[in-house]
Amino acid sequence: MADFMCTVAIPTRALFQGRVYYADVPSVEGNYGVLPGHEMIVATNKNGGVLTLHLDEAGNEKKRFLLYEGASQVYNNVLSVLGRFGRDVEDIDVESVREKAENMRKHIEELESSDSEQDRAELETSKERLAWYQIQIDYVEQHS
Amino acid sequence: MPNLHDIERRINSVTSTKQITRTMEMVAAAKIRRASQRAENALPWAVAISDMLVTTAKHAPISSEPLLQTHDEVKRCFIVVVTSDRGLAGGFNSNVLRHAEKLIKEKERQGIAVEVAACGKKAIGYFSYRGIDPVFEFAGLSADPTYEEAAELSRYSGDAYHREEDPLDEVYVIYNHAKNAAEQTLVEQQVLPIKEETYADLLGLNEEVDIFKEFRERDDESLPGDIDFEPGAEEVMRYLMKAYLRNAYYYALLDSAAGEQGARRNAMKSATDNANEMVSTLTRVYNRARQGAITTEINEIVGGAAALEE
Chain A
1 MADFMCTVAI PTRALFQGRV YYADVPSVEG NYGVLPGHEM IVATNKNGGV LTLHLDEAGN
61 EKKRFLLYEG ASQVYNNVLS VLGRFGRDVE DIDVESVREK AENMRKHIEE LESSDSEQDR
121 AELETSKERL AWYQIQIDYV EQHS
Chain B
1 MPNLHDIERR INSVTSTKQI TRTMEMVAAA KIRRASQRAE NALPWAVAIS DMLVTTAKHA
61 PISSEPLLQT HDEVKRCFIV VVTSDRGLAG GFNSNVLRHA EKLIKEKERQ GIAVEVAACG
121 KKAIGYFSYR GIDPVFEFAG LSADPTYEEA AELSRYSGDA YHREEDPLDE VYVIYNHAKN
181 AAEQTLVEQQ VLPIKEETYA DLLGLNEEVD IFKEFRERDD ESLPGDIDFE PGAEEVMRYL
241 MKAYLRNAYY YALLDSAAGE QGARRNAMKS ATDNANEMVS TLTRVYNRAR QGAITTEINE
301 IVGGAAALEE
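Going down the list, the protein sequences come from chains A and B.
Numbering-wise (the numbering used here), the first sequence opens with residue 1 and increments by one.
Numbering-wise (the numbering used here), the second sequence opens with residue 1 and increments by one.
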C-alpha cells in the first residue's frame, strides 16, 4: 500500500512531519479517513477531536494527536492538519494540566471584573485555553 | 594634563565597560539563533494555513467575507506598534516610534480617529509621555513573544473591523523586519483590509524563494470546483481568515524579536570596538606620560649629579 505526506502543526511548532499510510481526521462534521489518492477536501476540525495516523502499513504503529480548533486539508496527496492547540496524547501530563486549569480559572475570574478592551480580549483567549485544558483532562479520564 | 593614576583608572573603567558590551554582544548573538529558530518552528503552520487559504480562495471565491471588505469611508484606524522592552539596541526603537508618530499625525490630519496598541516597554513609555493612551499594552514579551499576544490583538481588531457601530476601517502594524542577522528594515504593513499581495510579504517571501510555486504547479493538475468543504466554503474561509490575521500579528512579533537581538548585537559590537579604540588611545597617552615622567626624573638625577660634581 502506498503512503502519503502528512504535516500536523500548531502555530508555534510542527507536531509531526512525515509519511503515513492512513489517517483518521476529526472534522467538524465527523471523522474522515484518508488513504493515498483521497479526494481534495478542506475542513475545520472538531474541538477535542483525535487525529490518528498509521505509520506502518498494518496499522500497528500509530500516533494520536488531540486537537483544539484548526483545519485540515487533503490536496494532491498531501494531508495538512492544523490545530489552534494540539498535543500527542502520550505526552499529556494530566496533573500538570489540572494545575494549569485551576490557575487559569482564577485568572479568568479576575479578568471578568475588568472592562478594558485588552482584558476582554485576554478573557476570550484565556477561556479558549481553559477549554483546551478541559479537553485534555476529559480525554485522559475517558481513556484511563 | 591628567596624571598617570587618572589615566590608569580610566583605562580600567573602559576595559570593564568593554567586558560588559562584549558579553551583551555574545548574549544577543545567541538570542538571534533562538529567535530565528522560533520563527522557523512557526513556518509549517504558516505555510499550511496559507496553502489552505489559497485553495479555498481559488475553488470557492467568497467575496462576502467581512475581513476582505474595504470600507467606503475610513473613520477609525488601529495601529499596532512593535518595539522592544529594553534599550541598548541602537536606533531599533526610535525608527519604529518616529514612523508611528508620523503615521498617527497623518491619520489625525485626515480626520481619522486613531487607536494604538503598544507592544514593548519602549512603546508604552513613548506613548504615555506624549499623552496617548494605548488600547493594548504588552510589556516583558518583546524577546519571547507569545501566540496569545497575537490572538488578543487579532480578536480585538477582527471583531472591531466588522462590528456595526463605529467599526475599525484600517489596521496597521509597524515593526522592524530582521532582513538578516545584521540588518533590520522598517515595515509598515496594512493588516486590514487584507490585501492580495500581503501573504508574500507576511512570510518574508521574495522572488528567489517562492513557497507557492510548487503549490501553483500542483494546482494546475486539479480541476477547479472539484473539492469538498466541511462544513461549507464560507465557514472554512471565515476560520482561515481569522487564523491568517493571528498569523500576521504573530509573524510581526517574531520578526521584531529577531531584529531586536540583531540590532543589539550590532550596537554592542560598535560599543566594544569603540572601547577597544579608546583603551589603545589611553594606553598610548599613559605610556607617553610615563615616559615623560621617567625622562624628567633622569634629567633631575643627571642635573643633580652634575651640580654635585661642580
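If you're looking for bench data, these hints aren't it; they were derived computationally from the structure.
Treat each hint with caution, since some may be false.
Claimed, not checked - One-sided excerpt, in silico: chain B residues whose CB lies under 7 Å from chain A:
#	residue
1	Asp6
2	Glu8
3	Pro44
4	Val54
5	Tyr129
6	Ile132
7	Glu152
8	Arg155
9	Gly232
10	Tyr239
What the hints assert, rightly or not - Here are the computed lysine-lysine pairs in the DSSO-like style, where the Cα-Cα straight-line distance is at most 30 Å:
#	chain 1	residue 1	chain 2	residue 2
11	B	Lys179	A	Lys127
12	B	Lys242	A	Lys63
13	B	Lys179	B	Lys121
14	B	Lys75	A	Lys106
15	B	Lys75	B	Lys102
16	B	Lys107	B	Lys179
17	A	Lys106	A	Lys127
18	B	Lys179	B	Lys102
19	A	Lys100	B	Lys58
20	A	Lys106	A	Lys63
21	B	Lys18	B	Lys242
22	A	Lys46	B	Lys269
23	A	Lys127	B	Lys121
24	A	Lys100	B	Lys107
25	B	Lys242	A	Lys46
26	A	Lys46	A	Lys127
27	B	Lys18	B	Lys75
28	A	Lys106	B	Lys242
29	B	Lys121	A	Lys100
30	B	Lys107	B	Lys121
31	B	Lys31	B	Lys107
Glycine included, C-beta positions come from ideal geometry on N, C-alpha and C.
Results of checking the hints against the structure:
1. Asp6: Check failed: Cβ of Asp6 of chain B comes no nearer than 53 Å to chain A, outside 7 Å.
2. Glu8: Nearest chain A Cβ about 52 Å off; hint violated.
3. Pro44: 4 Å, holds
4. Val54: Val54 of chain B check fails; min Cβ-Cβ to chain A is 10 Å, beyond 7 Å.
5. Tyr129: 20 Å, violated
6. Ile132: Since chain A brings no Cβ nearer than about 15 Å to Ile132 of chain B, farther than 7 Å, the hint is violated.
7. Glu152: At 4 Å from the nearest chain A Cβ, Glu152 of chain B passes the 7 Å test, so the hint holds.
8. Arg155: 5 Å, holds
9. Gly232: Since the shortest Cβ distance to chain A is 10 Å, the answer is violated.
10. Tyr239: 5 Å, holds
11. B:Lys179 / A:Lys127: Violated - the C-alpha atoms of Lys127 of chain A and Lys179 of chain B are around 36 Å apart, more than 30 Å.
12. B:Lys242 / A:Lys63: OK: Lys242 of chain B and Lys63 of chain A at ~28 Å, within 30 Å.
13. B:Lys179 / B:Lys121: Roughly 23 Å separates the two Cα atoms, so the pair holds.
14. B:Lys75 / A:Lys106: 38 Å, violated
15. B:Lys75 / B:Lys102: Holds. Lys75 of chain B to Lys102 of chain B sits at ~18 Å (cutoff 30 Å).
16. B:Lys107 / B:Lys179: 28 Å, holds
17. A:Lys106 / A:Lys127: 11 Å, holds
18. B:Lys179 / B:Lys102: Holds, at roughly 23 Å.
19. A:Lys100 / B:Lys58: 41 Å, violated
20. A:Lys106 / A:Lys63: Since the Cα atoms of Lys106 of chain A and Lys63 of chain A sit roughly 34 Å apart, the hinted pair is violated (cutoff 30 Å).
21. B:Lys18 / B:Lys242: It is violated: about 48 Å lies between the C-alpha atoms, which goes past 30 Å.
22. A:Lys46 / B:Lys269: Violated, because 51 Å separates the two Cα atoms, which is more than 30 Å.
23. A:Lys127 / B:Lys121: Given that 30 Å is the threshold and the Cα spacing comes to 26 Å, the pair holds.
24. A:Lys100 / B:Lys107: 43 Å, violated
25. B:Lys242 / A:Lys46: 17 Å, holds
26. A:Lys46 / A:Lys127: 17 Å, holds
27. B:Lys18 / B:Lys75: Violated - the C-alpha atoms of Lys75 of chain B and Lys18 of chain B are around 51 Å apart, more than 30 Å.
28. A:Lys106 / B:Lys242: Distance of about 28 Å is within 30 Å: holds.
29. B:Lys121 / A:Lys100: 27 Å, holds
30. B:Lys107 / B:Lys121: Answer holds: Lys107 of chain B to Lys121 of chain B is near 24 Å, not above 30 Å.
31. B:Lys31 / B:Lys107: 36 Å, violated
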